[in-house]
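> Chains as they are written, first to last, in the numbering used here: chain P, 1 to 317; chain R, 318 to 634.
The hints are simulated quantities; they were obtained by calculation from the structure and are not laboratory data. Source: prediction; values computed, not measured. Keep in mind that a hint or two might mislead.
As the list claims (entries may be wrong) - Derived pair list, reagent style DSBU-like, types lysine-lysine, alpha-carbon separation capped at 30 angstroms:
no., chain 1, residue 1, chain 2, residue 2
1, P, 199, P, 265
2, R, 322, R, 534
3, P, 265, R, 582
4, R, 582, P, 106
5, P, 106, P, 288
6, P, 192, P, 217
7, P, 108, R, 582
8, P, 192, P, 296
9, R, 425, P, 288
10, R, 425, R, 452
11, R, 452, P, 108
12, P, 297, P, 5
13, R, 452, R, 322
14, P, 288, R, 423
15, P, 296, P, 265
16, R, 423, R, 452
17, P, 108, P, 135
18, R, 605, P, 106
19, R, 516, R, 613
20, R, 448, R, 425
21, P, 217, P, 5
22, P, 265, R, 423
23, P, 217, P, 265
24, R, 614, R, 582
25, P, 265, R, 425
26, R, 516, R, 614
27, R, 582, R, 423
There are 2 protein chains.
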Amino acid sequence: MNIPKYQNIQEAHDRIRMHIHRTPVLSSTGVNAIAGSTLYFKCENFQKTEAFKYRGATNAVILLTESVASRGVATHSSGNHAAALARASQIRNIPCFIVMPRTAPKNKITAVRSYGAIITFCEPTLDDREKTLEKIINLTDATFIHPYDNFNVICGQGTAAKELLEDHPDIEALFVPVGGGGILSGSAISIKALNHHIKVYGCEPDNADDAYQSFKKGRIIPSVNPVTIADGLLTSLSELTFEIIRNHVDEILTVSDDDILSAMKIIWERMKIIIEPSAAVGIAAVMKNPHLVHGKKAGVILTGGNADLSNLPFAEK
Amino acid sequence: MNIPKYQNIQEAHDRIRMHIHRTPVLSSTGVNAIAGSTLYFKCENFQKTEAFKYRGATNAVILLTESVASRGVATHSSGNHAAALARASQIRNIPCFIVMPRTAPKNKITAVRSYGAIITFCEPTLDDREKTLEKIINLTDATFIHPYDNFNVICGQGTAAKELLEDHPDIEALFVPVGGGGILSGSAISIKALNHHIKVYGCEPDNADDAYQSFKKGRIIPSVNPVTIADGLLTSLSELTFEIIRNHVDEILTVSDDDILSAMKIIWERMKIIIEPSAAVGIAAVMKNPHLVHGKKAGVILTGGNADLSNLPFAEK
């Protein structure tokens, strides 16, 4: 297995730097008071396409050879990777084919289309997504860019934690949401290379806890029909991301959907910034485990901001 | 009438600087594309107590003499001025008496109480608010800090536009919401003193258009029973704010509640930051009058972020 090294992440950073936003790191006295620690939030909700996914997609697209690139790129995704790949493909002016379930939210379909991608709709099953993508690739010879089981994508995702540590080298822990493991594995490589004393925590919804189970058992145990409000974290680890996570991550912490909602509300109310439910899983894990960082400085990656404003989960208590 | 000069705003700035946040100025490629201009948003939604009101309240509280201050401060407000005054009074550790209508939103009551203010509830009428406040002041001899009809408050509010112009001296126009006229009059004094070529636009809901009417007729014409989603802009100009506005503001622009909602949604969706409806009135006016700034640079003051998350005005189209 070809495992990314920190040097690959450095190279990825140099490659994508002019295309991405160096996102701000924000702090809030109010949130710190609640958490009992000093937290630095890496705001990937302010990244282009509103999620860290743009880092990995951009790195992968730039690295394609001219002849391969000219045939385009393809993926199946109902979420942030689709928008990221669509926008990244514009950098090289190449076709981008996206397979989306016909049930995908309208706003995500609109976003993907606005970046010029060609959308093919499929049934909302993994089986039909994969079959439809295969057909598209057979027809077009486009290159499949997997959302996380991809060396170059992982290297791109690792640049967010690298930037955070450049801004705040004195953090003692980092909290990162984990779905398929792209941002967690990339972050862990960066952090442990730069300072192996910093604890890296993967943070996962307990209704989609394949990373927790796999980490504990030492072998991949995929989630079966996971259901969580953190819709970006439904995917399961790949062999590649699991291999990195088992070697570089200190612990996987799980949180409930209620924990996620409370944490999301704290960020919205106290920091006046919009994050999506999946992006609240890191701060939810801090709130649930304050002893891990009590009186310390810690980083938290806010992974994205694609909340559906027409269907918000805040209700009067 | 004692009219603030720019020098008074400079002095206010020096006085409050250590207590306030110098709020960031944000820009968005996506919003610029929609507006056809380059917009710089002064983010007072990130100010302490989540609104520009903290600037004016802080300046007013600091300027009280020791013996006057010791008897406390008082105001009637269901909104951002109440929270601002309550928090500002903590700087001097003096009592703060707030008269709030018993119908005020729970989250605002909680915020005001969290800053240690003593709340007296009244009926939700201006008459009962004023009478209840009078009783409180008779009992306590506290000093009434009016939300906008106050020299020192206006000087404090004027520091936001001063900071914006320090960061972006090349803007050609500034858009500022107007309710009672505190932030508009303070901003206009700063802007015209620093560069009188910069256009200053007051922006007002057309269902609460007393500033528009007063500006046009040359005399104060208060709003009667105004109804608008911009609940921070229901108040009418005072003699003092009107005098400043008629002399320093170029035009009052009005927008509908639909314009306000659309603009608010653009800011939430494109910039991933939370602003309240009243804070969207400036950008709504830009969107409605793109010819005023086409191809130019302009500033917009986002006045506050106290949106009620349990009752959001976004509905599926």
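> Within 30 angstroms, alpha carbon to alpha carbon, are residue 516 of chain R and residue 613 of chain R?
holds, 12 angstroms
> Taking 30 angstroms as the top limit, are the C-alpha atoms of residue 614 of chain R and residue 582 of chain R close enough?
Distance of about 22 angstroms is within 30 angstroms: holds.
> For residue 265 of chain P and residue 425 of chain R, compute the direct alpha-carbon distance and say whether it is at most 30 angstroms.
Given pair residue 265 of chain P, residue 425 of chain R holds - Cα atoms ~16 angstroms apart, limit 30 angstroms.
> Given the hinted pair residue 288 of chain P and residue 423 of chain R, is their Cα-Cα distance within 30 angstroms?
holds, 26 angstroms
> Assess, step by step, whether the Cα of residue 425 of chain R is no farther than 30 angstroms from the Cα of residue 452 of chain R, and give holds or violated.
holds, 23 angstroms
> Does residue 265 of chain P lie within 30 angstroms of residue 199 of chain P when you go C-alpha to C-alpha?
At roughly 26 angstroms apart (the allowed maximum being 30 angstroms), residue 265 of chain P and residue 199 of chain P satisfy the hint.
> Run the distance test for residue 192 of chain P versus residue 217 of chain P: straight-line Cα separation, threshold 30 angstroms.
With Cα atoms ~23 angstroms apart, residue 192 of chain P and residue 217 of chain P stay inside 30 angstroms; holds.
> Given the proposed pairing of residue 108 of chain P with residue 582 of chain R, does the C-alpha separation stay at or below 30 angstroms?
holds, 16 angstroms
> Between the alpha carbons of residue 423 of chain R and residue 452 of chain R, is the straight-line distance 30 angstroms or under?
Since the Cα atoms of residue 423 of chain R and residue 452 of chain R sit roughly 24 angstroms apart, the hinted pair holds (cutoff 30 angstroms).
> Are the Cα positions of residue 108 of chain P and residue 135 of chain P separated by 30 angstroms at most?
holds, 23 angstroms
> Between residue 452 of chain R and residue 322 of chain R, does the CA-CA distance stay at or below 30 angstroms?
violated, 34 angstroms
> Against the 30 angstroms threshold, does the CA-CA distance of residue 296 of chain P and residue 265 of chain P hold or violate the hint?
holds, 23 angstroms
The structure is inconsistent with the numbered hints 5, 11, 13 and 23, although it conforms to all the rest.
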